[in-house]
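Undergrad: Now for the letters of each chain:
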Amino acid sequence: MQIPAPFDYVRASDVDNALALLERHGPESRLVAGGHSLLPMMKLRLARPEWLIDINGLAELDFMVREGNVFRIGALTRHTTLLESPEVARLFPIVTDAEQVIADPVVRNRGTIGGSLCQADPAEDLSTVCDVLRAEAVIRGPAGERVVAMDEFHRGPYETAVGQNELMSELRFPIRPRSSSAYEKVERRVGDWAVAAAGAAVSLAADGTIEESSVGLTAVGLDGTVAGIGDLLGGRRPDEDLFAEAGRIAAAACEPVADQRGGIDYKRHLADELTRRVLRRACARASEEQEG
Amino acid sequence: MTTTQERPASGPGEGARPGNPAAGDKDRPIGYGRIQRKEDPRFIRGKGRYVDDIVLPGMLHGAILRAPVAHARLVSIDTSEALAHPKVKAVITGKDLEGLNLAWAPTLSADVQAVLVTDKVRFQGQEVAFVVAEDRYAARDALELIDVEYDILPPVIDARKALDADAPVIRDDLAGRTDNRIFDWEIGDADETEAVFAAADVVVAQDMVYPRVHPAPMETCGAVADFDPIDGGLTLYETTQAPHAHRTLYAMVAGIPEHKIRVVSPDIGGGFGNKVGIYPGYVLAVVGSIVTGKPVKWVEDRSENLMSTSFARDYLMRGEIAATKDGKILAVRTNVLADHGAFNATAQPTKNPAGFFSIFTGSYDLQAAYCKVTGVYTNKAPGGVAYACSFRVTEAVYLVERMVDVLARKLEMDPAELRLKNFIRPEQFPYANKTGWEYDSGNYEPAMRLSMKMAGYEELRREQAEKRERGELMGIGVSFFTETVGAGPRKHFDIVGLGMADGAELRVHPTGKAVVRLSVQSQGQGHETTFAQIVAEELGIPPEDIDVVHGDTDQTPFGLGTYGSRSTPVSGGAVALVARKVRDKAKFIAAAMLETRPEDLEWEKGRWFVKGDPGAGKTMAEIALGAHGTVALPDGIDGNLDAEVTYDPPNLTFPFGAYICVVDVDPGTGRVKVRRFIAVDDCGTRINPMIIEGQVHGGLTDGVGMALMEIIEFDEDGNCLGGSFMDYLIPTAMEVPDWETGFTVTPSPHHPIGAKGIGESATVGSPPAIVNAVVDALAPFGITHMDMPCTPARVWEAMQGRPRPPV
Numbered sequence: 001m002q003i004p005a006p007f008d009y010v011r012a013s014d015v016d017n018a019l020a021l022l023e024r025h026g027p028e029s030r031l032v033a034g035g036h037s038l039l040p041m042m043k044l045r046l047a048r049p050e051w052l053i054d055i056n057g058l059a060e061l062d063f064m065v066r067e068g069n070v071f072r073i074g075a076l077t078r079h080t081t082l083l084e085s086p087e088v089a090r091l092f093p094i095v096t097d098a099e100q101v102i103a104d105p106v107v108r109n110r111g112t113i114g115g116s117l118c119q120a121d122p123a124e125d126l127s128t129v130c131d132v133l134r135a136e137a138v139i140r141g142p143a144g145e146r147v148v149a150m151d152e153f154h155r156g157p158y159e160t161a162v163g164q165n166e167l168m169s170e171l172r173f174p175i176r177p178r179s180s181s182a183y184e185k186v187e188r189r190v191g192d193w194a195v196a197a198a199g200a201a202v203s204l205a206a207d208g209t210i211e212e213s214s215v216g217l218t219a220v221g222l223d224g225t226v227a228g229i230g231d232l233l234g235g236r237r238p239d240e241d242l243f244a245e246a247g248r249i250a251a252a253a254c255e256p257v258a259d260q261r262g263g264i265d266y267k268r269h270l271a272d273e274l275t276r277r278v279l280r281r282a283c284a285r286a287s288e289e290q291e292g
Numbered sequence: 001m002t003t004t005q006e007r008p009a010s011g012p013g014e015g016a017r018p019g020n021p022a023a024g025d026k027d028r029p030i031g032y033g034r035i036q037r038k039e040d041p042r043f044i045r046g047k048g049r050y051v052d053d054i055v056l057p058g059m060l061h062g063a064i065l066r067a068p069v070a071h072a073r074l075v076s077i078d079t080s081e082a083l084a085h086p087k088v089k090a091v092i093t094g095k096d097l098e099g100l101n102l103a104w105a106p107t108l109s110a111d112v113q114a115v116l117v118t119d120k121v122r123f124q125g126q127e128v129a130f131v132v133a134e135d136r137y138a139a140r141d142a143l144e145l146i147d148v149e150y151d152i153l154p155p156v157i158d159a160r161k162a163l164d165a166d167a168p169v170i171r172d173d174l175a176g177r178t179d180n181r182i183f184d185w186e187i188g189d190a191d192e193t194e195a196v197f198a199a200a201d202v203v204v205a206q207d208m209v210y211p212r213v214h215p216a217p218m219e220t221c222g223a224v225a226d227f228d229p230i231d232g233g234l235t236l237y238e239t240t241q242a243p244h245a246h247r248t249l250y251a252m253v254a255g256i257p258e259h260k261i262r263v264v265s266p267d268i269g270g271g272f273g274n275k276v277g278i279y280p281g282y283v284l285a286v287v288g289s290i291v292t293g294k295p296v297k298w299v300e301d302r303s304e305n306l307m308s309t310s311f312a313r314d315y316l317m318r319g320e321i322a323a324t325k326d327g328k329i330l331a332v333r334t335n336v337l338a339d340h341g342a343f344n345a346t347a348q349p350t351k352n353p354a355g356f357f358s359i360f361t362g363s364y365d366l367q368a369a370y371c372k373v374t375g376v377y378t379n380k381a382p383g384g385v386a387y388a389c390s391f392r393v394t395e396a397v398y399l400v401e402r403m404v405d406v407l408a409r410k411l412e413m414d415p416a417e418l419r420l421k422n423f424i425r426p427e428q429f430p431y432a433n434k435t436g437w438e439y440d441s442g443n444y445e446p447a448m449r450l451s452m453k454m455a456g457y458e459e460l461r462r463e464q465a466e467k468r469e470r471g472e473l474m475g476i477g478v479s480f481f482t483e484t485v486g487a488g489p490r491k492h493f494d495i496v497g498l499g500m501a502d503g504a505e506l507r508v509h510p511t512g513k514a515v516v517r518l519s520v521q522s523q524g525q526g527h528e529t530t531f532a533q534i535v536a537e538e539l540g541i542p543p544e545d546i547d548v549v550h551g552d553t554d555q556t557p558f559g560l561g562t563y564g565s566r567s568t569p570v571s572g573g574a575v576a577l578v579a580r581k582v583r584d585k586a587k588f589i590a591a592a593m594l595e596t597r598p599e600d601l602e603w604e605k606g607r608w609f610v611k612g613d614p615g616a617g618k619t620m621a622e623i624a625l626g627a628h629g630t631v632a633l634p635d636g637i638d639g640n641l642d643a644e645v646t647y648d649p650p651n652l653t654f655p656f657g658a659y660i661c662v663v664d665v666d667p668g669t670g671r672v673k674v675r676r677f678i679a680v681d682d683c684g685t686r687i688n689p690m691i692i693e694g695q696v697h698g699g700l701t702d703g704v705g706m707a708l709m710e711i712i713e714f715d716e717d718g719n720c721l722g723g724s725f726m727d728y729l730i731p732t733a734m735e736v737p738d739w740e741t742g743f744t745v746t747p748s749p750h751h752p753i754g755a756k757g758i759g760e761s762a763t764v765g766s767p768p769a770i771v772n773a774v775v776d777a778l779a780p781f782g783i784t785h786m787d788m789p790c791t792p793a794r795v796w797e798a799m800q801g802r803p804r805p806p807v
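Chains as they are written, first to last, in UniProt numbering: chain A, 1 to 292; chain B, 1 to 807.
Hints should not be assumed to be uniformly reliable.
Said to hold, decoys possible - Derived Cβ-Cβ restraints for the label pairs, each shown as a range: (1) Leu44(A) - Leu100(B): 44 to 52 Å; (2) Glu644(B) - Asp259(A): 18 to 26 Å; (3) Arg318(B) - Asp259(A): 27 to 35 Å; (4) Asn109(A) - Met726(B): 14 to 22 Å; (5) Lys410(B) - Gln290(A): 52 to 60 Å; (6) Ala244(A) - Ala190(B): 51 to 59 Å; (7) Glu87(A) - Arg318(B): 55 to 63 Å.
As the list claims (entries may be wrong) - Derived, one-sided and incomplete: chain A residues facing chain B with beta-carbon distance under 10 Å: (8) Met1; (9) Pro40; (10) Leu44; (11) Arg45; (12) Ala47; (13) Ala59; (14) Asp104; (15) Glu187; (16) Arg188; (17) Trp193; (18) Ala196; (19) Gly262; (20) Tyr266; (21) His269; (22) Leu270.
Keep in mind that the hints were calculated from the coordinates and are not lab data.
Using N, Cα and C, we set each Cβ at its ideal position, and we do this for glycine too.
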């Protein structure tokens with residue numbers, strides 16, 4: 001049994017109460033939702049919060065709803081809920097792809113989308129997914145609510161725009177016509193963090209050419225989406241040469257570091273290979289969508 | 001004689017004997033056969049009782065402070081703040097142990113190991129101080145209150161550099177020690193082997209690494225020590241695979257008289273060799289209990305288990321094969337550098353510093369063989385045989401089976417055909433190999449042919465050829481292993497002077513129910529079922545009427561415990577013989593009851609009856625009641641139905657098997673998918689086929705782990721990079737295929753029931769099959785070898801033409 005340093009625990013009754021508790025207990029307090037990142041870090045004594053504020057009871061943060069061309073997902077939505085949602089699979093297959101390879105069922109039953117984003121691990125899959133889908137994060141704090149784009153939300157490894165006395169309440173995903181997406185990860189074993197992963201989203205024009213596109217990479221030292229891919233693909237018809245060109249751009253754009261999961265050249269190769277694969281799959285799905 | 005079967009029969013059929021007519025159920029075997037495990041009702045209900053479930057009145061809790069660095073001189077330890085913690089009862093340091101003459105303890109390999117650091121830290125995670133507190137939280141918190149000053153020294157991490165002239169001497173505690181060499185050991189005839197190599201048509205050589213891996217049992221190690229200061233008795237509950245050997249060693253080391261020590265090994269949540277040795281934590285729990293006068297529990301956490309307890313393998317090997325150009329293998333030669341870590345704490349027979357590695361001659365009829373093993377110290381955790389390896393047969397089989405594939409490639413021969421061409425032939429058994437082993441029995445070709453038939457080998461090769469045309473990477477890997485288990489004859493094998501025999505006691509109660517007591521200890525292998533079935537087979541008492549008692553030195557006869565697949569070969573022999581002893585005694589009692597002569601009686605399972613008059617007989621239950629009743633017993637027969645034996649096996653047993661693995665490699669990412677795995681095992685007589693299959697499934701899963709993902713790595717400073725399950729990967733159900741198992745039966749001629757043992761066969765045999773499959777898949781890239789683990793990155797590097805060793 002691995003034993004964390006001593007801490008106190010309190011259960012929040014609603015979002016306002018959670019914010020008040022964060023205010024009261026100050027910088028040494030942390031919110032806990034699924035706890036699948038925070039608790040292991042506490043057990044290894046890498047994280048030593050004095051207070052845990054449990055937000056698992058905040059039903060107001062556990063929802064999925066479509067409003068016009070926006071799909072809203074509450075921060076407390078569990079991975080399993082996302083994985084099993086037919087609507088998510090239809091609108092954003094990249095989410096379903098990613099959820100299938102996030103950890104294992106035990107973790108997915110408990111872990112939340114908000115927790116994943118706020119933990120901001122560089123090898124975290126949903127951050128890439130949100131980048132690629134151009135999601136917005138809703139942050140609530142003492143001063144009220146603000147909505148930030150993903151490029152503003154991410155502040156580097158383990159850092160986000162969410163302040164110590166704030167809480168992410170939901171993510172908003174724009175719904176685009178004739179669009180689809182895909183995600184693929186290489187891992188050493190099911191449940192391991194990514195060696196590298198890539199996600200892509202595309203929208204097709206009525207003539208089958210690519211209208212909009214974005215590619216994101218996981219665990220290879222790239223912030224946000226790969227610059228230049230949208231311009232490259234825009235107005236072009238999807239084909240293997242085009243995907244290969246996009247792959248080369250992605251490989252050049254990332255800055256992986258060598259570790260036990262692989263060397264720099266291998267990870268760069270994966271950025272290339274996986275970019276091609278996810279673009280291929282996203283385009284194929286989008287054209288099926290179009291025909292369907 | 002060998003019998004073969006492709007698939008296990010469904011239901012109770014295979015191996016089942018006709019039911020006891022008295023039981024009225026023809027399908028339920030009274031003896032061998034596929035019956036459900038007696039221990040499972042408690043395990044699947046969460047009612048097992050493990051060390052950590054034990055709670056004694058007034059019990060305190062211990063925690064170990066471990067060194068954060070790999071090599072450092074200990075300058076000072078200040079424990080005053082920890083002692084001031086309101087819940088802390090004691091803080092023990094190396095200096096305190098020196099006062100008790102317990103700072104160093106002997107290992108199982110004629111070395112010593114520090115219980116707590118006195119002079120120098122020798123590996124990251126080494127034990128530095130022990131805190132005893134009212135609860136485990138306080139004990140853990142107090143570790144942070146101990147202030148230790150270290151003077152950092154340069155570490156020796158790469159075993160290849162351990163013998164360099166300028167390498168720091170790790171074991172300066174040993175008088176006269178000037179380098180890091182532990183031993184040089186050789187076997188076989190070097191000159192004869194050289195002569196065969198010099199004259200051979202073809203010679204192939206390959207360097208290969210069997211990386212350091214860890215047994216990683218689900219339950220970590222732990223102990224509850226309860227020293228009674230009034231009567232001087234010690235009761236020690238611990239996670240041990242060898243309770244009797246532990247008790248004797250504690251008596252020798254700690255000076256507590258052996259009759260005052262009771263070692264209890266309750267349910268064990270996996271061992272795989274990890275729970276053979278005596279760890280500092282066990283000793284510290286004892287010291288803690290002596291110092292505080294209270295029971296002390298110590299249970300390590302996952303990181304402690306991975307970083308400080310017995311690892312396995314860590315063999316850097318060079319293999320060579322000499323052969324004729326038409327594929328007759330003539331000789332095998334190997335040179336090994338063995339990394340034993342900071343202390344030589346390898347758990348193995350004392351006279352065998354490289355374990356049974358000398359079985360590297362494999363399943364082949366050779367003219368010559370030679371090997372040299374050099375053991376070295378490094379600044380890494382000690383240990384080194386653990387993990388279902390049959391005392392290094394794992395490394396030996398990997399070496400020879402990898403080499404045979406390298407030869408097959410060189411000769412452009414099919415690897416299965418090459419093996420078939422070189423097998424020891426059935427008429428050559430018992431077979432004396434070139435390194436001193438006598439293989440008891442074997443019939444290799446039928447097992448190989450059966451595995452090929454089950455796999456559809458020819459069809460797979462056709463499919464592979466088609467896929468290669470399309471640029472797809474499919475590999476087919478073959479391995480054929482011969483195991484060496486059941487150590488062993490006491491004249492050859494001992495552990496610190498204790499002969500490797502095992503005892504059994506059998507008592508038949510007056511109503512015909514029985515209890516059998518064993519010296520070996522299950523870690524999940526199903527002993528309570530298997531050993532009841534052996535008694536049932538011999539006496540005709542249903543297995544459910546036979547209790548199996550093990551794991552408590554007060555309750556069981558002496559013996560060396562469970563490891564090296566020795567339970568069935570050694571204890572199984574003891575149990576069969578003790579049952580026969582009871583059966584023989586029962587004959588005399590039955591004769592007295594039937595008022596006839598013993599020689600006029602005949603045995604059928606469960607009863608003695610008068611020859612020619614089957615109606616006149618006595619069942620075991622009737623005889624048991626007679627033994628304890630009023631029947632006048634013949635001279636020399638006392639009034640019970642009990643017996644005991646100690647079994648000293650005449651030889652080891654040599655199980656074998658043929659494994660075929662099919663993999664698909666993703667050309668774009670290097671990901672390996674094990675698509676199929678066919679395992680044909682021959683473990684001699686099969687007692688419970690379901691348990692055998694369970695053991696095989698587990699071992700094959702182990703093999704996937706080692707071949708594809710497991711490795712304990714260190715950085716250049718000696719930091720362990722595999723200290724959690726996030727970094728040390730073990731396989732899940734997602735990485736393994738649906739196992740396809742088959743079997744042949746070639747009984748051991750010297751074992752009382754012909755059984756050979758199965759516990760480690762699959763762990764030994766599967767890694768080379770998987771690696772051979774991966775290398776086969778990569779053949780289009782000109783690759784003839786890659787080392788484990790075959791992670792995506794390493795496979796991709798091999799595809800780029802630059803495979804590299806993992807260390």
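Undergrad: State for each hint whether it applies.
TA: Each hint, compared with the structure:
1. Leu44(A) - Leu100(B): 44 to 52 Å: violated (33 Å)
2. Glu644(B) - Asp259(A): 18 to 26 Å: violated (57 Å)
3. Arg318(B) - Asp259(A): 27 to 35 Å: holds (29 Å)
4. Asn109(A) - Met726(B): 14 to 22 Å: holds (19 Å)
5. Lys410(B) - Gln290(A): 52 to 60 Å: Since the Cβ atoms of Lys410(B) and Gln290(A) sit about 55 Å apart, the hinted range of 52 to 60 Å holds.
6. Ala244(A) - Ala190(B): 51 to 59 Å: holds (56 Å)
7. Glu87(A) - Arg318(B): 55 to 63 Å: 60 Å Cβ-Cβ, so the 55 to 63 Å window holds.
8. Met1: Cβ of Met1(A) sits 6 Å from chain B, so the hint holds.
9. Pro40: Nearest chain B Cβ about 8 Å off; hint holds.
10. Leu44: holds (7 Å)
11. Arg45: holds (8 Å)
12. Ala47: violated (15 Å)
13. Ala59: violated (31 Å)
14. Asp104: Holds. Min distance 7 Å.
15. Glu187: Hint on Glu187(A): holds, closest Cβ of chain B at ~8 Å, below 10 Å.
16. Arg188: Where the cut-off is 10 Å and the nearest Cβ of chain B is about 5 Å from Arg188(A), the hint holds.
17. Trp193: holds (8 Å)
18. Ala196: holds (9 Å)
19. Gly262: holds (3 Å)
20. Tyr266: holds (5 Å)
21. His269: holds (7 Å)
22. Leu270: holds (6 Å)
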